[in-house]
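Q: Listed below are the residues making up each chain.
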Amino acid sequence: MNNKDFINELSKKVSLSGKETEDMVNGLLATITERLQNDDTINISGFGAFEVKKKMERLSVNPKTGKRMLVPPKLTVVYKPSATLKDKYK
Amino acid sequence: MTDLCAAFAAQQNISKAKSDVFVKAFFELIKEGLEKDDTIKISGFGVFKIIEISSRESVDVNTGKRFEIKGHKKISFTPDNSLKEIINKPFAMFDIVELEDEEGNEEQNKVNKAAIATVTQEKETDAEDVTGSDTIEATEPAKEETVPAPAVVKEAITPEKKEEIKVNDNTKNEKTKKNDNTEVAIPQKVQKSGRMIAGFGGLFVAVAIFALFFMKQKSEPNPVEQPNEIVKIETPTVQVSDSIVKTEKDSIQELPQTIEQPVPPVTNAPQTKGTPVCIVTLSEKEMNKRLADFSLNDTLSFVTTGVLVEHTVTADETLTRISNKYYGTKKMWPYIVKYNKMGNPNGLCKGMVLKIPVLQSKN
Chain A
1 MNNKDFINEL SKKVSLSGKE TEDMVNGLLA TITERLQNDD TINISGFGAF
51 EVKKKMERLS VNPKTGKRML VPPKLTVVYK PSATLKDKYK
Chain B
1 MTDLCAAFAA QQNISKAKSD VFVKAFFELI KEGLEKDDTI KISGFGVFKI
51 IEISSRESVD VNTGKRFEIK GHKKISFTPD NSLKEIINKP FAMFDIVELE
101 DEEGNEEQNK VNKAAIATVT QEKETDAEDV TGSDTIEATE PAKEETVPAP
151 AVVKEAITPE KKEEIKVNDN TKNEKTKKND NTEVAIPQKV QKSGRMIAGF
201 GGLFVAVAIF ALFFMKQKSE PNPVEQPNEI VKIETPTVQV SDSIVKTEKD
251 SIQELPQTIE QPVPPVTNAP QTKGTPVCIV TLSEKEMNKR LADFSLNDTL
301 SFVTTGVLVE HTVTADETLT RISNKYYGTK KMWPYIVKYN KMGNPNGLCK
351 GMVLKIPVLQ SKN
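Which chain is which? The protein sequence lines are A and B, in order. With my numbering applied, the first sequence corresponds to residues 1 to 90, in that order. With my numbering applied, the second sequence corresponds to residues 1 to 363, in that order.
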């Protein structure tokens, strides 16, 4: 399902126009991003949690050239599905 | 979740109930979509996917029996590039570094890491308009902290940057012009939790020792200031400006002292402080360099006049060590080699009897 389908479905669900829904979604994503930037964990009951995690720097080797690279540390968003959701797919 | 709904409602100017419904619908739909379709792509956020984990064998830790972990499905989330970039902003200045030597040894890695740390520190300090001497002072502790140091420093950047942003918002023109180590240290301590403090404590101690070593009589400002400021900055952001002003004053007071002190040569550091491995290796390199420089000159400036003593080499001895024992300096080993007509200076072995020559200056 791509972004368009998703917006369409959502607009049906909340009975708003496509445009309105899209704006709302963008607003929601902006809010989430802002929270994540502030190092907050976002818990959505029944769905899971979004969290910012720090990945350590590491050495990696290019298998073709054999060159060693030092990959810098970075922050990434991590999603942890809730227990209920996890069980569903197990 | 309620927080998120409230924030979303405020941002969109809609009622809380409405935003609640919307947020719920949003995540419900993701769940439904995952059931229907295996992937969901939301632009500006990321891709949710159901991936299959194939079955694999494992060993029970307690009984040592082999058993099979059955294959199952798992929800994966890959953040969108734009989201990734936004989240990774504090670390955005890092690039992948290609290591030149294919078989680069541990030492080189350490040096590389230290270099990264240095770059980080410099970038930080550049951004904050620090005077030259401060930059050097800031980079040097970073070098001394071996492997853990880069990590700590990098970790530290996050809160600091954030702090800076906040400061800019509140006190636009009050930029931290004169920044010193205390100020660098404090925002970090405030924002990160225990592990961060522990990690940074090490750095701070190094800085403190540094300060103590070079200021001798004036070592008290750092530890004394610290508690006050932590309390201050922890209070709401509005007060951040106050504390910055305060630290600025303090740093101005301290700054002249740091300027007065000459920047220490790297080689001095390890001897005065029992510092980690990295600096030791650095200094050894330095030492070797110097050895190479000096030994040639020295072998020409002395003449050997007779045998001082005969020395039997023991297991853990080296030429430099023997030289150090008899002449008080490591540099004189070439004389021993020459006098004993050793073809290969590396061919020293246990039980060898060396004649230690008496050295007399030509001048």
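Keep in mind that the hints are not guaranteed to be accurate.
Stated by the list, open to error - Only pairs whose alpha carbons sit at most 27 Å apart, straight line, appear in this in silico DSS-like list of lysine-lysine:
id, chain 1, residue 1, chain 2, residue 2
1, B, Lys36, A, Lys13
2, B, Lys355, A, Lys13
3, A, Lys54, B, Lys84
4, B, Lys355, A, Lys74
5, B, Lys341, A, Lys55
6, B, Lys341, A, Lys80
7, A, Lys55, B, Lys36
8, B, Lys355, A, Lys4
9, B, Lys41, A, Lys80
10, B, Lys36, A, Lys86
11, A, Lys19, B, Lys89
12, A, Lys4, B, Lys65
13, A, Lys54, B, Lys36
14, B, Lys36, A, Lys90
15, A, Lys53, A, Lys19
For the record, the hints were derived by calculation from the structure and aren't laboratory data.
Q: State for each hint whether it applies.
A: Against the structure, the hints come out as follows:
1. B:Lys36 <-> A:Lys13: Holds, because 16 Å separates the two Cα atoms, which is no more than 27 Å.
2. B:Lys355 <-> A:Lys13: Status violated; Cα separation ~96 Å.
3. A:Lys54 <-> B:Lys84: holds (12 Å)
4. B:Lys355 <-> A:Lys74: Not satisfied, since the Cα-Cα distance of roughly 59 Å exceeds 27 Å.
5. B:Lys341 <-> A:Lys55: Violated, at roughly 57 Å.
6. B:Lys341 <-> A:Lys80: Status violated; Cα separation ~71 Å.
7. A:Lys55 <-> B:Lys36: Outside the cut-off at roughly 33 Å; violated.
8. B:Lys355 <-> A:Lys4: Roughly 88 Å between the alpha carbons, so the hint for lysine 355 (chain B) and lysine 4 (chain A) is violated.
9. B:Lys41 <-> A:Lys80: Given that 27 Å is the threshold and the Cα spacing comes to 17 Å, the pair holds.
10. B:Lys36 <-> A:Lys86: holds (16 Å)
11. A:Lys19 <-> B:Lys89: violated (30 Å)
12. A:Lys4 <-> B:Lys65: violated (50 Å)
13. A:Lys54 <-> B:Lys36: violated (33 Å)
14. B:Lys36 <-> A:Lys90: Given that 27 Å is the threshold and the Cα spacing comes to 16 Å, the pair holds.
15. A:Lys53 <-> A:Lys19: Not satisfied, since the Cα-Cα distance of roughly 33 Å exceeds 27 Å.
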